[in-house]
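A.B. asks: So the chains spell out like this:
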Amino acid sequence: MAQILVLVDHVDGTVRKTTTELLTLAARLGTPAAVFIGAHADAALGVLTEFGASTVYTVDVPGLGEYLVVPKAEALAAAVTAAGAQGEVGGVLISSTPEGKEVAARLAVTLDSGLITDAVDVQAGEGGPVTTQSVFAAGYAVTARVTHGVPIITVKPNSAEPVPAPGAEPPSVVPVAVTVSELAHAATIIERKPKAKTGRPDLTEAAIVVSGGRGTGGDFAPVEAFADSLGAAVGASRAAVDAGWYPHSNQVGQTGKQVSPQLYVACGISGAIQHRAGMQTSKTIVAINKDPEAPIFELADFGVVGDLFAVLPQATGEVTKRKG
Amino acid sequence: MKIVVCVKHVPDAQGDRRFTDDHTVDREGVDGLLSELDEYAVEEALTIAEARSASGEDSTVTVLCMGPEGATDAVRKALQMGADAGVHVCDDALAGSDALATSKVLAAALRTLEFDLVLTGMASTDGLMSVVPAMLAQRLGLPQVTLAGKVELDGTTVRIERDGDSATEVIEAPLPALVSVTDQINDPRYPSFKGIMAAKKKPVNTLSLADLGLSPDDVGLSAAWSVVEAVAARPPRQAGQRITDEGDGGTRLVEFLAGAKIV
Ligand SMILES: Cc1cc2nc3c(=O)[nH]c(=O)nc-3n(C[C@H](O)[C@H](O)[C@H](O)COP(=O)(O)OP(=O)(O)OC[C@H]3O[C@@H](n4cnc5c(N)ncnc54)[C@H](O)[C@@H]3O)c2cc1C
Ligand SMILES: Nc1ncnc2c1ncn2[C@@H]1O[C@H](COP(=O)(O)O)[C@@H](O)[C@H]1O
Numbered sequence: 002m003a004q005i006l007v008l009v010d011h012v013d014g015t016v017r018k019t020t021t022e023l024l025t026l027a028a029r030l031g032t033p034a035a036v037f038i039g040a041h042a043d044a045a046l047g048v049l050t051e052f053g054a055s056t057v058y059t060v061d062v063p064g065l066g067e068y069l070v071v072p073k074a075e076a077l078a079a080a081v082t083a084a085g086a087q088g089e090v091g092g093v094l095i096s097s098t099p100e101g102k103e104v105a106a107r108l109a110v111t112l113d114s115g116l117i118t119d120a121v122d123v124q125a126g127e128g129g130p131v132t133t134q135s136v137f138a139a140g141y142a143v144t145a146r147v148t149h150g151v152p153i154i155t156v157k158p159n160s161a162e163p164v165p166a167p168g169a170e171p172p173s174v175v176p177v178a179v180t181v182s183e184l185a186h187a188a189t190i191i192e193r194k195p196k197a198k199t200g201r202p203d204l205t206e207a208a209i210v211v212s213g214g215r216g217t218g219g220d221f222a223p224v225e226a227f228a229d230s231l232g233a234a235v236g237a238s239r240a241a242v243d244a245g246w247y248p249h250s251n252q253v254g255q256t257g258k259q260v261s262p263q264l265y266v267a268c269g270i271s272g273a274i275q276h277r278a279g280m281q282t283s284k285t286i287v288a289i290n291k292d293p294e295a296p297i298f299e300l301a302d303f304g305v306v307g308d309l310f311a312v313l314p315q316a317t318g319e320v321t322k323r324k325g
Numbered sequence: 014m015k016i017v018v019c020v021k022h023v024p025d026a027q028g029d030r031r032f033t034d035d036h037t038v039d040r041e042g043v044d045g046l047l048s049e050l051d052e053y054a055v056e057e058a059l060t061i062a063e064a065r066s067a068s069g070e071d072s073t074v075t076v077l078c079m080g081p082e083g084a085t086d087a088v089r090k091a092l093q094m095g096a097d098a099g100v101h102v103c104d105d106a107l108a109g110s111d112a113l114a115t116s117k118v119l120a121a122a123l124r125t126l127e128f129d130l131v132l133t134g135m136a137s138t139d140g141l142m143s144v145v146p147a148m149l150a151q152r153l154g155l156p157q158v159t160l161a162g163k164v165e166l167d168g169t170t171v172r173i174e175r176d177g178d179s180a181t182e183v184i185e186a187p188l189p190a191l192v193s194v195t196d197q198i199n200d201p202r203y204p205s206f207k208g209i210m211a212a213k214k215k216p217v218n219t220l221s222l223a224d225l226g227l228s229p230d231d232v233g234l235s236a237a238w239s240v241v242e243a244v245a246a247r248p249p250r251q252a253g254q255r256i257t258d259e260g261d262g263g264t265r266l267v268e269f270l271a272g273a274k275i276v
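Here the protein sequences come in this chain order: C and X. Those letters in the first sequence? Residues 2 to 325, by my numbering. Those letters in the second sequence? Residues 14 to 276, by my numbering.
Hints should not be assumed to be uniformly reliable.
[Unchecked claim] No more than 25 Å apart at the CA atoms, straight line, and that leaves these computed lysine-lysine pairs for DSS-like: (1) X:Lys-163 with C:Lys-18; (2) X:Lys-274 with C:Lys-324; (3) X:Lys-163 with C:Lys-196; (4) C:Lys-194 with X:Lys-213; (5) C:Lys-291 with C:Lys-324; (6) X:Lys-213 with X:Lys-15; (7) X:Lys-274 with X:Lys-15; (8) X:Lys-274 with C:Lys-322; (9) C:Lys-198 with C:Lys-18; (10) X:Lys-214 with X:Lys-15; (11) C:Lys-284 with X:Lys-274.
Rather than coming from a laboratory, the hints here were simulated on the basis of the structure. It should be emphasised that the depicted structure is a prediction, and the values quoted were computed from it without experimental measurement.
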């Protein structure tokens, strides 16, 4: 069976959940293998083994953190070539993050291979992996296939339930050497201002997202309290972000994060098309809005016409009571 | 300072976006416009050029668009906003091009132009792929600085700020460079009456594939390295249950979540 390479998304060796989703998808398509770029591959081996990676290609590029995507793209291209020497490569799966998409774009040019972005499902097909994408604000489902080169597919978070599948043997670790180009060092990160951690789950990975919009009037406390009672991430509409009420990194929508959690709760959000583009693939949608005509109700599985400042505290109390 | 802005003509998101029989986006039968996210790139280019011109440096903004005949509307809109000239790559063979082919054509067009800076939007509002900027930078061997929320230039370098999940980053690259900008960067201007009148006299150079030395075999649906096998309109999400809060809305909401086994 052909190898399906998964680019490992990690922070200093701590593997993100999306990578385990990709390994699960890879197992449907062929023999899962992982490409680990950077230092601390040792720290990642446990998880990669647990989720069935048969081979782990490691590429350590010094100074990776100082540069943008180019060194990663070149390292990945080298790993795909090295994997090709070990056996057929049937596809490359990458997380649909801004960085992941740029790495994928460059890999597609380098390998002259077809690229499909933002898949929400990938299945094995006769002519290679068949993807499903959700387009035009989730108005259409598109199935597609790469017809030339090594299929390069970026996959949205939460597209598969990670299933552990440890192999019979621990993965073989294959170090890959790469000399990155001079161009790779052209754009340099000269300063990084870290953001305070909230302790809440990552917005794109969270199983539950509670979002606030203009209807909060700038007071996100009831939104955050309800989110915390559910162990959820907090999102915001662009109106709330533009008003300076919540950080841009929490924006859900076309120009923010695209989320597809088990549950999405929209509080004081009207449901503009650009907002829908970021949340319409959520499994269950709940809306709280004062205005019975708000378009968000058209897609809500459960809608409460009411004031979020009354509804949310009561709901928070009820969740806490049930848990207690 | 010579700036080229890549702008795309897209189907209007407020209208009825759909696919044609060959599963490509219908670009003829629906209303189109300048991709909203590219307006931010045009605005940024104009702001930079105006500041440079004010300090005595000759500066020009050229917009570059690949698309069918109707796509001149997008070029025209950018000229109305204040860009100086347009380049429109238009050829029947381009229909159905994927991002790889699009970047090939735009790269070929950019090779015919002089520039210090190429600006793009963060994504096109129809495809939302966000891959063309990285592909262009790769093909042209330009430093790539994407998703800028702020752009500063001196004569030889560009410095941008971008808002990431875990940190805000400051990134620097030598010119010429390619920079994509987000919708956080500015508030795009509306064309003024004067701008609309002036745009009528601004030059738009229409180029064919042959003008760029490309063959029809390099582009279009037959050279797309991926194929859409099926498109299905999603049944619109069914509105579910809706209640009016009569003092028990929060409780009933949680009862629904419990019923759905979410809590
Ligand atoms: C290029 C572009 C990109 C965009 N990208 C995004 C994006 O990524 N994400 C995004 O969200 N938007 C995006 N937008 C903006 C989008 O068009 C809307 O303007 C925005 O989503 C509106 O936010 P909102 O629903 O919070 O505000 P509004 O539309 O003003 O809605 C507020 C809602 O709150 C309700 N409300 C008020 N008070 C209460 C209360 N006490 N209790 C309950 N309900 C109450 C009101 O009835 C109303 O329905 C984009 C727009 C453009 C042009
Ligand atoms: N056909 C096109 N003509 C000109 N610019 C384009 C075209 N397609 C994409 N771009 C540019 O590339 C950016 C990202 O597009 P995409 O990768 O399609 O999401 C857009 O915001 C434009 O600046």
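A.B. asks: Look at each hint and say if it fits the structure.
C.D. replies: Comparing the hints with the structure gives:
1. X:Lys-163 with C:Lys-18: 31 Å, violated
2. X:Lys-274 with C:Lys-324: Given that 25 Å is the threshold and the Cα spacing comes to 13 Å, the pair holds.
3. X:Lys-163 with C:Lys-196: Satisfied, since the Cα-Cα distance of roughly 18 Å is no more than 25 Å.
4. C:Lys-194 with X:Lys-213: 46 Å, violated
5. C:Lys-291 with C:Lys-324: 28 Å, violated
6. X:Lys-213 with X:Lys-15: 22 Å, holds
7. X:Lys-274 with X:Lys-15: 59 Å, violated
8. X:Lys-274 with C:Lys-322: Given that 25 Å is the threshold and the Cα spacing comes to 16 Å, the pair holds.
9. C:Lys-198 with C:Lys-18: 18 Å, holds
10. X:Lys-214 with X:Lys-15: This hinted pair holds, its Cα atoms lying about 20 Å apart.
11. C:Lys-284 with X:Lys-274: 13 Å, holds
Checked against the numbered hints above, the structure breaks hints 1, 4, 5 and 7 and satisfies the rest.
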